[in-house]
Amino acid sequence: MGAQKKGGGGARVSEDAEEQSRQRLQAILLADSFATKFRPVTLERPKVLLPIVNVPMIDYTLAWLEYAGIEEVFVFCCAHSTQIIEYLEKSEWYSHPNLVVRTIESHKSISAGDALRYMYEQQTETSQIQGDFVLVSGDTVSNMPLADLIQEHRDRKKKDEKAIMTMVIKQSKSSSLTHQSRLGTDQLFIAVDPLTKQLLHYEEDKIDHPSGSVCLDKSLLESNPSVLVCNDMQDCYIDICSPEVLSLFEDNFDYQHLRRHFVKGVLVDDIMGYKIFTHEIHSSYAARIDNFRSYDTVSKDIIQRWTYPYVPDINFSGNRPLRLGRQGIYRACDAVLSRSADVGASSVIGYGTKIGDGDKILNSVIGNGCCIGSNVVIEGSYIWNNVTIEDGCEIRNAIVCDGVKIRAGAVLQPGVVLSFNVVVGRDFVVPAYSKVSLLQQPTTEDSDDELEYADSSSATADQLSGLNLQMESKASELGPDGAGYIWEVCEGAHDEEWKHSVAPIPEDKLAEITQAIDDDDTDDESVVPTSGELKSDADSINTDMNDPNDDYDYFEKEVEGTVLRAVEENIKVDLVTLEINGLRLSYNMESADCAGATFYSMMKLAVDTPHNSASELYKNAASIITKWKELLGFYVKKIDEQIEVIMKFEEMCQESPKELGPLFTQILHLLYDKDVLQEDAILRWAEEKAGADEADKVYLKQCDTFIQWLKEASEEEDEDDEDEEEDD
Amino acid sequence: MPDVQSMVAEFVNKLRKRKIEGSQATAKCTVELLRSVISHQRVPHANQAAALIDAVKAVGQQLVAANPVELAVGNVVRRVLHIIREEDLSLTTAAMAGLDLLDASDDDDIDNCKGIGYPAMSAAVVAAAARSTLRPPSLQTLLEGTPESATVPYTSSSGADSESKTADKSSLTRKLKHDVIEGVNQLIQEISGCHEQIAEQAIEHIHQNEVILTLGSSRTVLEFLCAAKEKKRSFRVFVAEGAPRYQGHLLAKELVARGLQTTVITDSAVFAMISRVNMVIIGAHAVMANGGVIGPVGVNMAALAAKKHAVPFVVLAGSHKLCPLYPHNPEVLLNELRSPSELLDFGEFSDCLDFGAGSGSLQVVNPTFDYVPPNLVSLFITDTGGHNPSYMYRLIADYYSADDLVM
Chain F
1 MGAQKKGGGG ARVSEDAEEQ SRQRLQAILL ADSFATKFRP VTLERPKVLL PIVNVPMIDY
61 TLAWLEYAGI EEVFVFCCAH STQIIEYLEK SEWYSHPNLV VRTIESHKSI SAGDALRYMY
121 EQQTETSQIQ GDFVLVSGDT VSNMPLADLI QEHRDRKKKD EKAIMTMVIK QSKSSSLTHQ
181 SRLGTDQLFI AVDPLTKQLL HYEEDKIDHP SGSVCLDKSL LESNPSVLVC NDMQDCYIDI
241 CSPEVLSLFE DNFDYQHLRR HFVKGVLVDD IMGYKIFTHE IHSSYAARID NFRSYDTVSK
301 DIIQRWTYPY VPDINFSGNR PLRLGRQGIY RACDAVLSRS ADVGASSVIG YGTKIGDGDK
361 ILNSVIGNGC CIGSNVVIEG SYIWNNVTIE DGCEIRNAIV CDGVKIRAGA VLQPGVVLSF
421 NVVVGRDFVV PAYSKVSLLQ QPTTEDSDDE LEYADSSSAT ADQLSGLNLQ MESKASELGP
481 DGAGYIWEVC EGAHDEEWKH SVAPIPEDKL AEITQAIDDD DTDDESVVPT SGELKSDADS
541 INTDMNDPND DYDYFEKEVE GTVLRAVEEN IKVDLVTLEI NGLRLSYNME SADCAGATFY
601 SMMKLAVDTP HNSASELYKN AASIITKWKE LLGFYVKKID EQIEVIMKFE EMCQESPKEL
661 GPLFTQILHL LYDKDVLQED AILRWAEEKA GADEADKVYL KQCDTFIQWL KEASEEEDED
721 DEDEEEDD
Chain V
1 MPDVQSMVAE FVNKLRKRKI EGSQATAKCT VELLRSVISH QRVPHANQAA ALIDAVKAVG
61 QQLVAANPVE LAVGNVVRRV LHIIREEDLS LTTAAMAGLD LLDASDDDDI DNCKGIGYPA
121 MSAAVVAAAA RSTLRPPSLQ TLLEGTPESA TVPYTSSSGA DSESKTADKS SLTRKLKHDV
181 IEGVNQLIQE ISGCHEQIAE QAIEHIHQNE VILTLGSSRT VLEFLCAAKE KKRSFRVFVA
241 EGAPRYQGHL LAKELVARGL QTTVITDSAV FAMISRVNMV IIGAHAVMAN GGVIGPVGVN
301 MAALAAKKHA VPFVVLAGSH KLCPLYPHNP EVLLNELRSP SELLDFGEFS DCLDFGAGSG
361 SLQVVNPTFD YVPPNLVSLF ITDTGGHNPS YMYRLIADYY SADDLVM
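Residue numbers (UniProt numbering), protein chains in the order written: chain F, 1 to 728; chain V, 1 to 407.
Chain F on its own, in the form it takes in the complex:
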């Protein structure tokens, strides 16, 4: 077909370009997620072939594209491309009357950006994409109509050359607790012009701003009088693109991710002035299966028939339709159910599956050819094809891939993923959120961007054959008769594991988050005056804006600066006092704080002045204290203030125990000598400290003799007084 197009003269092609684009609706389907979220399952099978409610994901996407009137689809295969092509060849899609499916293979691409660049290169050779096209990934489940939307995009494009893309969004409220959408993706903030629906801002929470604030450029508001900012939208990852999009990818070779790089790039770049528009869908469904949680959510949506007509009881893509009974139970006609088995609402049971006595099945999907023993409990789980589950197993919120064997009495805790052909040993308990595969975890795992494809067929086969040899020795990870490796969770992701798992968010996690939010609330409340009385504006602003601790730090810095300048410029004590008083008022501090801060800055000055030995340091300190004792004296009129000074000093000594530590007693003595501190203050400090921890008592012990001496002196004095009284 490409050759035919080439045969036509260049001029004629351009002339007919519009007409051709009207004739043919095309789509690019990326049959690779370029992510590792579905590992370890995707090591052995490409993501688009993973079954969702017993039908491979790509069938949903293709059936929808066909239904929506798309005539030609380019399936871009990357990881496990041979498997995908084989599957498509066997399926009815290659011979479909209305839909031409072409596969494009590239092993070099490691991102959506690379894939589109590859498409662009191919395009220049064979001119495959003739006009606007739909860009989706192979894991999209939708039933939205496309023809009108494409027409809308074309009309807009005709009016405005720069409108190169229309992005489909759908309302979906995210959880207020976890800030996570139903699909397990991070909350999305978008800003849209309410009239033109132009996209102005796109931001995924977490990735861009962990702080939880959204920044909008002011110029946005200048150029657009009204802006609609919403966070209850979900990006469907369905885009109507003009051919310019491909060339943009070609020009910006660093664009990898469709959203993080491309959309942001276009929004930021005002030189080219390209625009992206949004289209909100209401009555139809669209979602992308991006992680295990969305796998769960979308499965449930399919069972609840939001994706009609792509539901299990309708044969939409060569799948064998199941029969829908009451309570939303889908059952294959040849499934064998024991009379005593209890199959609960919203369950799916595939062809040739046997379900034993006393089984309990709730909210689960069971594939074809499974054999389930008796007294098994399966809840909220996804059992794929040809799985054997022996008697008495318990499976909750797990994904069990093809060919797995679960021996009697084994338990799968929530969030477990068992990859292909794993064997779980007798009575073995697979811990929550663990991922188990026959393949060993690749040790050099770099990042998200790492590609899922190995040269799949060969590599996997080799690994598998090698594995069989090791099996006997290394298989004990899943019990004595089990087979498989439990993958370690990479660091950092551990906390996040529950977010993207098939299992619902556990109660305790929710409680934890609620608790955290409540704590925040109470913090806020403590700041706000509880009674009805109003604080002065300045006050409330102060308390609202600043934390008391921060205040003190700032104050200390200011005082330090003042003292330093005073020493350097030799300013009079009165003036310095005035300045510090000013600071005190503006920061709303007590005079004890001033005393502490002043003393702190003096001692810091002493330490900072160059010195060689402890005695030299003492001399420095002594000279400064002597010189500025009046300043200090101004604030240490009361015992409390003096104690504050001692405490501050102790603190400083603790901070630099080598330099100031040994000098504690000497300087204390000096302060006493210079009348900065009174003996009462020192004694009271000693009393207070007596009850403290051993660690805190270091300096108390150091000046033990001094205090002893003080005590004796005071007693003597007392005696003297008494004597004197007696004398009188």
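A portion of the hints provided could be inaccurate.
Restricting the straight-line Cα-Cα distance to at most 25 Å, the calculated cross-link-like pairs of lysine to aspartate or glutamate (DMTMM-like) are [said to hold, decoys possible]: (1) V/K19 with F/E152; (2) F/K499 with V/D351; (3) F/K197 with V/E348; (4) V/K57 with F/E89; (5) F/K173 with V/D351; (6) F/K173 with V/D3; (7) F/K197 with F/E222; (8) F/K90 with V/E10; (9) V/K14 with F/E72; (10) V/K19 with F/D313; (11) V/K14 with F/D193; (12) F/K37 with F/E92; (13) F/K173 with V/E348; (14) V/K19 with F/E92; (15) V/K57 with F/E92; (16) V/K14 with F/E222; (17) V/K14 with F/E71; (18) V/K14 with F/E89; (19) V/K19 with F/D334; (20) V/K19 with F/E222; (21) F/K509 with V/D351; (22) F/K499 with V/E348; (23) F/K90 with V/D3; (24) V/K14 with F/E712; (25) F/K264 with F/D193; (26) V/K57 with F/D334; (27) V/K19 with F/E72; (28) F/K173 with V/D345; (29) V/K19 with F/E280; (30) F/K197 with V/D345.
If you want the footprint, here are the derived chain F segments under chain V, 3+ residues with CB under 8 Å [what the hints assert, rightly or not]: (31) 279 to 292; (32) 300 to 308.
Some chain F residues near chain V, calculated using beta-carbon distances under 10 Å [said to hold, decoys possible]: (33) P97; (34) N98; (35) Q123; (36) S226; (37) L228; (38) N231; (39) D232; (40) G344.
Hint data in this document are derived by calculation from the structure and do not stem from the laboratory.
Remember, predicted model here, so these are calculated numbers, not experimental data.
All residues carry an ideal CB built from backbone N, CA and C; glycine is no exception.
Position chain V against the provided structure of chain F, taking the given hints into account.
Below, chain V alone, put in the same frame as chain F:
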């Protein structure tokens, strides 16, 4: 041949994806498809009828599997099979009669009399004529004095092939296929003409100053009401809107455009209004062999209300809607659950739909059809006239042969 196959594939695809809706449209597409299947089918010399039956059955099974809920498909396939069987029978008996006449032997075959009685017509035409005469002469026609014979349709084409009556084998081959196609054409005419046939009877059922209640939208009901209007009857129509698809709104619009006095009410107001209503007229999706009706959701409620107030509950159904099967668990097995998005907006409720949260989650059920048991139905009006629910089995025996009930 390949183009027939691709046609079948395309139609199957449409049925699967629910692209075709409405039993009349489906029935028409099906019968046209079957006609081309038959005309492209190469017929062997011996046992031609069996070959045709097999071909039609094979296609029919595919079609029925594609959308088992759309009963019209199965009905039409069975009708076509019945036509083939009837034609085959009439040809053989004709041949036998010819031999009989020659040999002058008195072989008393039951069908002999039929073959001799109508020598000039093919069996299907005979049957159609017979069915038309089934309709009893109405009071109206008696009073107006219209000649009864006018209602019996005679097609000129059927008369044309009356000469080709030879016992020759080769011409027999051609004749069977020809006759079958003739019969199928008749069926197509019948399906596309069923609205008019039913509407003709409107004047006998709707009287001056009556109040009629209907629910949802049906082309048959629309034509029926309009026919009565054209005959200068003045009456009022209440239209229950038919949530959640609200097709009643469309019907109301059309009715007003044709100058009828129309009132739209909610489905839930049916019971309150029923005491003022003289007759409930409903279009069916399918009529089962026991006289039960499958209709738009909400119909059962209207039927119960009508029963309670002794209001006649009349069901209009073209003959292609007559299904020879007895319903088993029709509320579930013959129903189709559509997308919940017709009921409520996904976005608004997306936070309640989360199953992960464990606590209560919202489930939405949106059935398309309702089943009305036969005891609630007062009268069926088909293109052959009005019938009691208990008479349905007899009609079905006329239209279908028992061999085809299980396909």
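> Quick one, are V/K19 and F/E222 close enough, alpha carbons at most 25 Å?
Replying inline: At roughly 47 Å apart (the allowed maximum being 25 Å), F/E222 and V/K19 break the hint.
>> Holds or violated: the hint that F/D232 contacts chain V, with Cβ atoms closer than 10 Å.
In response: holds, 7 Å
>> Can you confirm whether the C-alpha distance between F/K37 and F/E92 stays at or below 25 Å?
In response: violated, 29 Å
> Between F/K499 and V/E348, does the CA-CA distance stay at or below 25 Å?
Replying inline: Distance ~23 Å between F/K499 and V/E348 Cα, so the pair holds.
> Would the pair F/K173 and V/D3 pass a check requiring their Cα atoms to be no farther apart than 25 Å?
Replying inline: Between F/K173 and V/D3 the Cα gap is close to 49 Å, so the pair fails against 25 Å, i.e. violated.
>> Hinted pair, alpha-carbon criterion (25 Å max): V/K19, F/D334. Please report holds or violated.
In response: Violated: V/K19 and F/D334 sit about 28 Å apart, past 25 Å.
> Does the alpha-carbon distance linking V/K19 and F/E72 stay inside the 25 Å limit?
Replying inline: holds, 20 Å
>> For a C-alpha distance cap of 25 Å, please report whether V/K57 and F/E92 respect it.
In response: Holds: V/K57 and F/E92 sit about 23 Å apart, inside 25 Å.
> Against chain V, is F/L228 within 10 Å by beta-carbon distance?
Replying inline: violated, 15 Å
> Is the hinted pair V/K57 and F/D334 satisfied, with a Cα-Cα distance of at most 25 Å?
Replying inline: With Cα atoms ~23 Å apart, V/K57 and F/D334 stay inside 25 Å; holds.
> Does the structure keep V/K14 and F/E712 at a Cα separation of 25 Å or less?
Replying inline: Distance of about 108 Å is beyond 25 Å: violated.
> Against chain V, is F/P97 within 10 Å by beta-carbon distance?
Replying inline: For F/P97, the interface hint holds, since the closest Cβ of chain V sits about 6 Å away, which is under 10 Å.
Consistency with the previously given hints fails for numbers 4, 6, 11, 12, 16, 19, 20, 24, 35, 36, 37, 38 and 40, ordered from lowest to highest.
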